[in-house]
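2 protein chains.
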Amino acid sequence: MTPENIMTLDLIDTPAAIIDVGRMKQNIASMQQRMNALGVKFRPHVKTSKCVDVVRAQIEAGAQGITVSTLKEAESFFAAGMTDILYAVSIVPSRLPRVMALRKHGCDLKIIVDNASAAAGIVEFCRTADEPLEVWIEVDTDGHRSGITPEEPALLEVGRILHDGGVKVGGVLTHAGSSYELNTQEALAALAEQERAGCVRAAQRLRDAGIPCEVVSVGSTPTALAARRLDGVTEVRAGVYAFFDLVMHNVGVCTIDDIALSVLTTVIGHQQDKGWVIVDAGWMAMSRDRGTSKQSRDFGYGQPCSLDGTPLDGYLLIGANQEHGILASVDAGRASGDDDVKARFPVGTRLRILPNHACATGAQFPEYQALESTGALNVWSRFHGW
Amino acid sequence: MTPENIMTLDLIDTPAAIIDVGRMKQNIASMQQRMNALGVKFRPHVKTSKCVDVVRAQIEAGAQGITVSTLKEAESFFAAGMTDILYAVSIVPSRLPRVMALRKHGCDLKIIVDNASAAAGIVEFCRTADEPLEVWIEVDTDGHRSGITPEEPALLEVGRILHDGGVKVGGVLTHAGSSYELNTQEALAALAEQERAGCVRAAQRLRDAGIPCEVVSVGSTPTALAARRLDGVTEVRAGVYAFFDLVMHNVGVCTIDDIALSVLTTVIGHQQDKGWVIVDAGWMAMSRDRGTSKQSRDFGYGQPCSLDGTPLDGYLLIGANQEHGILASVDAGRASGDDDVKARFPVGTRLRILPNHACATGAQFPEYQALESTGALNVWSRFHGW
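For the record, the sequence lines run as chains A and B.
Letter by letter, the first sequence follows residues 2 to 387 in our numbering.
Letter by letter, the second sequence follows residues 2 to 387 in our numbering.
I should point out that these hints are in silico values taken from the structure, not numbers from a laboratory.
Each hint should be verified, as a subset may be incorrect.
No copy labels: a pair is met if it fits in one copy or bridges any two.
Only pairs whose alpha carbons sit at most 25 Å apart, straight line, appear in this in silico SDA-like list of lysine to any residue [claimed, not checked]: (1) LYS73 <-> LEU12; (2) LYS295 <-> ASP85; (3) LYS73 <-> ASN379; (4) LYS343 <-> GLY144; (5) LYS73 <-> TRP387; (6) LYS42 <-> GLY310; (7) LYS73 <-> ARG383; (8) LYS295 <-> ASN322; (9) LYS73 <-> HIS385; (10) LYS295 <-> GLN195; (11) LYS343 <-> THR150; (12) LYS295 <-> GLN323; (13) LYS275 <-> ALA377; (14) LYS73 <-> THR9; (15) LYS73 <-> GLY63; (16) LYS343 <-> ASP143; (17) LYS343 <-> VAL124; (18) LYS73 <-> ARG230.
Source: prediction; values computed, not measured.
Using the sequences provided together with the hints, build the complete structure.
Put into structure tokens, the structure is as follows:
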């Protein structure tokens, strides 16, 4: 990007969430190529962007269907023309009327469940419904959150409640979210294999018990990028890969230069004796996510870059109030004085801050500013709420 | 609140941000009474709620004017009929056209500055503007963020740039935000006095130099509630007191029963062997704010309560993914197994989670559900973005 082409970043109000469209498209293309090579379908998780423009780019690259984390996402993306949607948070029966309304309007919305109570509620609900539901069973392959482990009796119990109750069991899915805690290719590849094998095993147990189970869906950004084989898997899900972030950098699945989301900010003051530069990106813009604090490299509230995206090595956003960020040089992890901060970063200077966690930072903004390689900026709106 | 009156909480989608209107009005009344007794005006900071209904209650209780942290708040509250507005983040000249547009439409918007560079920019801007601006100077009384310390030469330098340049210096303001790090009445009262004395001293230095300085504005929720005298102060600002939260509980300025904001959530599953209850309030609902992690009592991602608001002692939201929260019993700070979680919290159970930081949690929601003591629920919308 040439200096002329980033001049548009001087013309908009700050803070603003900037998407580097070139980087984003490259991230999307790389993941899709990888999935194609592994012979599986790819169903991106749209909770990261909650943005129709981003998801259209994923579908144009070859994605088949989407994954959502809220019914609002399902409703919004269905309104934008997408029909093959997986709602990947275990359902509670009180949400079924909203699910059914989407199905009746032609949305091929799949729901998931990981317990007998909700499965029984689904069967009960379907008895008086005039449109069938499709349910996938959530499998726990790494102990980090929800799901039924592959060998548990509950797996077949839930499958039988649904199947015998006349509800279609469409598949099994798992999410090895503990991959975010790893940082070597070996460990990631091992977890990807654990995720694959566990989910395939769960599908096999269901099939052996006479319960159809067509789909085997796995994924997280790190395991998707580390998997060496995906035998038995039919589709992969991942979300944050479209933008990447500093947490993913520390996990080892992207470089700093792959990160496509940044927060545009303006210098509003200094505390010269402390070497502090005060910027208008506080936690309301960056989010309170401190995901790198437990990783090998702590990026504070974010990595400052110049306007053209070059990281300012040795500087971090070391603190954040609601609308104030504190940017300072860091020396061996401690803030250090810097006599020259006023001269180096005068009031009005614009910078870009790479976020710890793209899903959390994006959520702070009603819209993205999509920066094309030509310098053109387009507003891409995103959803908020449930 | 009787069981009948909280039945409305069974009828709305979760997660939802619930305001206990009775508690909120009590918090607002207590603060206003305190400010009246101390003989100062009160200008609430509306960044906490970003909600016209909440701010109307503050004004009805006696507040005079509002404080905002973004120009979007200024524009939104001006559109709702409020005119006396202080934009309390140091201005950069690139924002002045937006400020001027509000002034021209009749908004008595005051801006603040803490450096010579921006002050010179304001003077330059005003030379060709057809409407005057009013500027307050930000004073640093506790070293936690922005502002000029009371004895610094820069204070008079900035004052002279503005005054000699024909721009009205309307006052000085300070915010002792380091009060959030304290937890005894003695320390809070001492910081309140430091905040008062420093800001009054800055005003005096300006006046002694022939620069008018009518307003002396101080405040943070903890110092406002701890101040024993406010001689020389003309107004106080505070924000989070309207809702309070677990951080303020740990600071010692409210009880658990004063907290007026909670997140309504539904149990969606369990990991029985770990004693985990999975709920649909993850960090997207609670925010990533872990403000109590450095305090004397760490509340994890929040304090679970029953639907009527009774805290479930011994339970915390110990973890959070984007749309999943992990609720568990805690024993001496460590999660402990609980054989009975499925029986105690069946799938579909609704709970309320008190947040660490009301400003951060509120920001995750497009609207509040205002719960009256009658059980009536009203939707109060809130602003998002800049």
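A quick look at each hint next to the structure:
no.: 1; hint: LYS73 <-> LEU12; verdict: between (32 Å within a copy, 17 Å between copies)
no.: 2; hint: LYS295 <-> ASP85; verdict: neither (37 Å within a copy, 44 Å between copies)
no.: 3; hint: LYS73 <-> ASN379; verdict: both (24 Å within a copy, 20 Å between copies)
no.: 4; hint: LYS343 <-> GLY144; verdict: between (49 Å within a copy, 18 Å between copies)
no.: 5; hint: LYS73 <-> TRP387; verdict: both (5 Å within a copy, 23 Å between copies)
no.: 6; hint: LYS42 <-> GLY310; verdict: neither (33 Å within a copy, 46 Å between copies)
no.: 7; hint: LYS73 <-> ARG383; verdict: both (11 Å within a copy, 18 Å between copies)
no.: 8; hint: LYS295 <-> ASN322; verdict: both (21 Å within a copy, 16 Å between copies)
no.: 9; hint: LYS73 <-> HIS385; verdict: both (8 Å within a copy, 17 Å between copies)
no.: 10; hint: LYS295 <-> GLN195; verdict: within (24 Å within a copy, 36 Å between copies)
no.: 11; hint: LYS343 <-> THR150; verdict: between (57 Å within a copy, 17 Å between copies)
no.: 12; hint: LYS295 <-> GLN323; verdict: both (23 Å within a copy, 18 Å between copies)
no.: 13; hint: LYS275 <-> ALA377; verdict: neither (38 Å within a copy, 51 Å between copies)
no.: 14; hint: LYS73 <-> THR9; verdict: between (32 Å within a copy, 21 Å between copies)
no.: 15; hint: LYS73 <-> GLY63; verdict: within (24 Å within a copy, 39 Å between copies)
no.: 16; hint: LYS343 <-> ASP143; verdict: between (49 Å within a copy, 21 Å between copies)
no.: 17; hint: LYS343 <-> VAL124; verdict: between (66 Å within a copy, 20 Å between copies)
no.: 18; hint: LYS73 <-> ARG230; verdict: neither (34 Å within a copy, 50 Å between copies)
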